[in-house]
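> Sequence:
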Amino acid sequence: LFGNSYSDRSEFVFLGLTSSWDIRLLLLVFSSMFYMASRMANSLILLTVTSDPPLHSPMYFLLANLSFIDLGVSSVTSPKMIYDLFRKRKVISFGGCIAQIFFIHVIGGVEMVLLIAMAFDRYVAICKPLHYVTIMSPRMCILFLAVARTLGVSHSLFQLAFLVNLPFCGPNVLDSFYCDLPRLLRLACTNTYRLQFMVTVNSGFICVGTFFILLISYIFILFTVRKHSLGGPSKALSTLSAHITVVLLFFGPPVFVYTWPHPNSQMDKFLAIFDALLTPFLNPVVYTFRNKEMKAAIKRVCKQLVIYKKIS
1398 LFGNSYSDRS EFVFLGLTSS WDIRLLLLVF SSMFYMASRM ANSLILLTVT
1448 SDPPLHSPMY FLLANLSFID LGVSSVTSPK MIYDLFRKRK VISFGGCIAQ
1498 IFFIHVIGGV EMVLLIAMAF DRYVAICKPL HYVTIMSPRM CILFLAVART
1548 LGVSHSLFQL AFLVNLPFCG PNVLDSFYCD LPRLLRLACT NTYRLQFMVT
1598 VNSGFICVGT FFILLISYIF ILFTVRKHSL GGPSKALSTL SAHITVVLLF
1648 FGPPVFVYTW PHPNSQMDKF LAIFDALLTP FLNPVVYTFR NKEMKAAIKR
1698 VCKQLVIYKK IS
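The working numbering puts the sequence shown at residues 1398 to 1709.
No lab work stands behind these hints, which were simulated from the structure alone.
Misleading hints may appear alongside valid ones.
Unchecked claim - In silico EDC-like cross-links for lysine to aspartate or glutamate, where the CA-CA straight-line distance does not exceed 20 Å:
(1) Lys1525 x Asp1665
(2) Lys1666 x Asp1419
(3) Lys1700 x Glu1690
(4) Lys1692 x Asp1449
(5) Lys1485 x Asp1419
(6) Lys1487 x Asp1572
(7) Lys1666 x Asp1449
(8) Lys1485 x Glu1408
(9) Lys1666 x Asp1577
(10) Lys1477 x Asp1572
(11) Lys1487 x Asp1665
(12) Lys1707 x Asp1665
(13) Lys1696 x Asp1577
The structure displayed is predicted, hence computed values, not measured ones.
Using the sequences provided together with the hints, build the complete structure.
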């Protein structure tokens, strides 16, 4: 679809994060550390939820899928960013650039739907506990997952459709460390102002709209708990605070980028690093350290792994 017939460019050049040797060394240490930590933490959550029977519930099914998506988040841009830190010429092929954009938007779309599903799960568990098993059935969980993947792929293909038939025959330098659609559109050998505006409005509307839907949902749940709970909302607050924290971590950077009237390149890079490295690491940390059941299950799985290793 995006072959050489639409572009005279076979590759693009990244300017990278910084020219300072000290900062690049610092970034190498911290980015490598957070990349490996996020992969280990999310893999541990996947293993724990899959192998521990007490966690075979809708809430943990959705959490495991969120961890799977976070593995993708940390893999789309981070490895190449780390690899390019000390390379003099940072290049990416045209196909690789398109692949990055595709997976960034697929993962973003899927994670948005998963966060909505997790909010709905908490709403049913807290506000309609007697109907929880009926409403949050395995069929409903599979439906949420199918909708998430379908919308993620559809959104990404819709974004990439803006690139069809655009010629790239001029400059091929991107002031970034990864491929993003707005910057790539600005390199086309034609006027793409309207396309850039449509892309920004599309992604911005989805991010801001979903963020406010989730925010309103959690406020509604908290008010419902406060009204009907005899023992006070402390337990519900403890449960929901993890979800609210993850929502803020995930939506903060994109909402800022798409609503800021005069985007700053360095600020965009900082937010992109936060999204690519810190968010996939903080998500499992937030959920595990604030969830006694998950921490107990992780301990059981780790003990089983130690016993298995000793036997083998």
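> All hints are to be evaluated individually against the structure, with a verdict given for each.
Do the hints match the structure? See the list:
no. : hint              : in the structure
1   : Lys1525 x Asp1665 : violated (41 Å)
2   : Lys1666 x Asp1419 : holds (17 Å)
3   : Lys1700 x Glu1690 : holds (16 Å)
4   : Lys1692 x Asp1449 : holds (12 Å)
5   : Lys1485 x Asp1419 : holds (15 Å)
6   : Lys1487 x Asp1572 : holds (11 Å)
7   : Lys1666 x Asp1449 : violated (39 Å)
8   : Lys1485 x Glu1408 : holds (15 Å)
9   : Lys1666 x Asp1577 : holds (11 Å)
10  : Lys1477 x Asp1572 : holds (15 Å)
11  : Lys1487 x Asp1665 : holds (18 Å)
12  : Lys1707 x Asp1665 : violated (48 Å)
13  : Lys1696 x Asp1577 : violated (40 Å)
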